[in-house]
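Engineer: Residue numbers (our numbering), protein chains in the order written: chain G, 128 to 236; chain E, -9 to 108.
Some hints could be false.
List of simulated lysine-lysine pairs, DSS-like, C-alpha gap at most 30 Å [stated by the list, open to error]:
| no. | chain 1 | residue 1 | chain 2 | residue 2 |
| --- | --- | --- | --- | --- |
| 1 | G | K223 | E | K45 |
| 2 | E | K56 | E | K45 |
| 3 | E | K10 | G | K223 |
| 4 | E | K56 | G | K223 |
Since the hints were derived computationally from the structure, they do not count as laboratory data.
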Amino acid sequence: QKEVEQDPGPLSVPEGAIVSLNCTYSNSAFQYFMWYRQYSRKGPELLMYTYSSGNKEDGRFTAQVDKSSKYISLFIRDSQPSDSATYLCAMSHTDKLIFGTGTRLQVFP
Amino acid sequence: GAVVSQHPSRVICKSGTSVKIECRSLDFQATTMFWYRQFPKQSLMLMATSNEGSKATYEQGVEKDKFLINHASLTLSTLTVTSAHPEDSSFYICSARDDRWAYNSPLHFGNGTRLTVT
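Could you build all of it, start to finish, from the sequences and the hints given here?
Structural biologist: See below:
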């Protein structure tokens, strides 16, 4: 079993839709949770960083962490074609990050 | 802020040659940098942790004699793929953590190097 599970997609939604991206994990020691966005042939770009359980909002993005269920989510409101990318969840309890496989998102006009 | 520059962005080399990839933190110091490898449609796999002034720490299954890492300063780490073979063709990405922030703060990534070995 992988430490971090993420549906690879692809996920295709119309412009303006609310997108829900999710990861599950098995290591209860994880305390720090991140979402990165990666465009094709580019390095990952940090979107959200949260510690422990709870919600965090930044513009159109909301990150949720449920440690009791070992489940994290990223919501994108009013999705735009420019949001089309691969979204990677990442988590850690040490200085190393463990990544999910990434979910490929396509937002069509 | 927090810019990581990686060079080259793309390299094609012949089998048996060596390739050096540079990773620089442009506006912060990074005692620790990380090197990842990414295959198409797959996640980032940590190869090694690069420590300024000391030996790198390699993940299980990564050949340290093949992937030489040097972290000579607080802003520069290099990865050299020695005697490259076609199976080494991949996307290599470096990342760094700002020394001013805690060990568990997010990593900042370079834009990756696409290595093709012919």
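Engineer: Decide, hint by hint, whether the structure agrees.
Structural biologist: Here is what the structure says about each hint:
The straight-line distance between the Cα atoms of K223 of chain G and K45 of chain E is roughly 17 Å, inside the 30 Å bound, and the hint therefore holds. A hinted pair counts as satisfied when its Cα atoms are at most 30 Å apart, and K56 of chain E with K45 of chain E qualifies at roughly 14 Å. Under the criterion of a C-alpha separation no larger than 30 Å, the hint pairing K10 of chain E with K223 of chain G is consistent with the structure, at around 24 Å. Proposed proximity of K56 of chain E and K223 of chain G is supported: the alpha carbons are some 22 Å apart, at most 30 Å.
Of the numbered hints listed earlier, not one is contradicted by the structure.
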